[in-house]
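Please build the complex by placing chain Z on the supplied structure of chain U, with the hints as guidance.
If you're matching them up, the sequences are chains U and Z in order. Start counting the first sequence at 1; every next residue gets the next number (the numbering used here). Start counting the second sequence at 1; every next residue gets the next number (the numbering used here).
By construction, these hints were calculated from the structure, which means they are not laboratory data. All of these numbers come straight from a predicted model, not from anything done at the bench. Hints are all accurate, no fakes.
Covered stretches of chain Z (in silico footprint by chain U; criterion: 3 or more residues with CB under 8 Å from a CB of chain U, positions within the stretch not fixed):
#: 1; region: 45-55
#: 2; region: 106-113
With a cut-off of at most 20 Å between alpha-carbon atoms, the simulated SDA-like pairs for lysine to any residue come out as follows:
#: 3; chain 1: U; residue 1: Lys93; chain 2: Z; residue 2: Thr97
#: 4; chain 1: U; residue 1: Lys98; chain 2: Z; residue 2: Val88
#: 5; chain 1: U; residue 1: Lys55; chain 2: U; residue 2: Val44
#: 6; chain 1: U; residue 1: Lys93; chain 2: Z; residue 2: Gly105
#: 7; chain 1: U; residue 1: Lys98; chain 2: Z; residue 2: Ala24
#: 8; chain 1: U; residue 1: Lys55; chain 2: U; residue 2: Thr20
#: 9; chain 1: U; residue 1: Lys55; chain 2: U; residue 2: Ile65
#: 10; chain 1: U; residue 1: Lys93; chain 2: U; residue 2: Ser51
#: 11; chain 1: U; residue 1: Lys93; chain 2: Z; residue 2: Glu59
#: 12; chain 1: U; residue 1: Lys98; chain 2: Z; residue 2: Gln57
#: 13; chain 1: U; residue 1: Lys54; chain 2: Z; residue 2: Gly105
#: 14; chain 1: U; residue 1: Lys110; chain 2: U; residue 2: Gly16
Computed beta-carbon distance windows for the label pairs:
#: 15; chain 1: U; residue 1: Ser30; chain 2: Z; residue 2: Gln17; range: 32 to 42 Å
#: 16; chain 1: Z; residue 1: Arg44; chain 2: U; residue 2: Ser26; range: 10 to 20 Å
#: 17; chain 1: Z; residue 1: Gln17; chain 2: U; residue 2: Ser71; range: 38 to 48 Å
#: 18; chain 1: U; residue 1: Gly28; chain 2: Z; residue 2: Val12; range: 35 to 45 Å
#: 19; chain 1: Z; residue 1: Ser80; chain 2: U; residue 2: Gly28; range: 35 to 45 Å
#: 20; chain 1: U; residue 1: Arg106; chain 2: Z; residue 2: Val117; range: 20 to 30 Å
#: 21; chain 1: Z; residue 1: Ser80; chain 2: U; residue 2: His73; range: 45 to 55 Å
#: 22; chain 1: Z; residue 1: Asn62; chain 2: U; residue 2: His38; range: 28 to 38 Å
#: 23; chain 1: Z; residue 1: Ala2; chain 2: U; residue 2: His73; range: 25 to 35 Å
Each residue gets a CB set at the ideal place from its N, CA and C atoms; glycine is no exception.
Spelled out, the chains give:
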Amino acid sequence: KNEVEQSPQNLTAQEGEFITINCSYSVGISALHWLQQHPGGGIVSLFMLSSGKKKHGRLIATINIQEKHSSLHITASHPRDSAVYICAVSPWKAAGNKLTFGGGTRVLVKP
Amino acid sequence: NAGVTQTPKFQVLKTGQSMTLQCAQDMNHEYMSWYRQDPGMGLRLIHYSVGAGITDQGEVPNGYNVSRSTTEDFPLRLLSAAPSQTSVYFCASSTRTLGQGASDGYTFGSGTRLTVV
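Same shape as in the complex, but just chain U:
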């Protein structure tokens, strides 16, 4: 079993819909990261969380440390949100803050 599991693997939404991506992990962590990668593009760090909730524009990330679970929400989705979203964790005391990655969720938002 992978240490970081994401669901769903693929998601298609209509413009304006509310999108939720889930991430579960099985190790103790110092932080959880949500990353975004557009097709053929680089990786952008959206959020780093160790507790609670963060919001940036239409994106909201939450984490429940006790349940080892995080969610990324996209409100009022737009075609430019089409990308792969990757959950990654920094395991507790991992040398160099090494990241362990989930498999990614491919999101397509149709106009």
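Relative to chain U, chain Z alone:
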């Protein structure tokens, strides 16, 4: 602009050739790392560094060398390129502590797409 700069963006090599992928950051981050991204395999750690003069192997280090002579630079060397090294390579840097400060966290470079023929 502050961040992680990777060069080149694209490269084609012949089997057996060597080359260096450059990575530089200007955020005074202590930690730097190299990942490769392959379809179906996700992102995997090649090498990482916790400071100038200190490097260590990641999950897939074979065929690659690194050095960290300064805080800013972390080049990745392919010693003798093989088709299995065809991939997209990402350099990343992070602060030592992953607190909740505005400057904490991870920053990735824009990637190098390498093809070995």
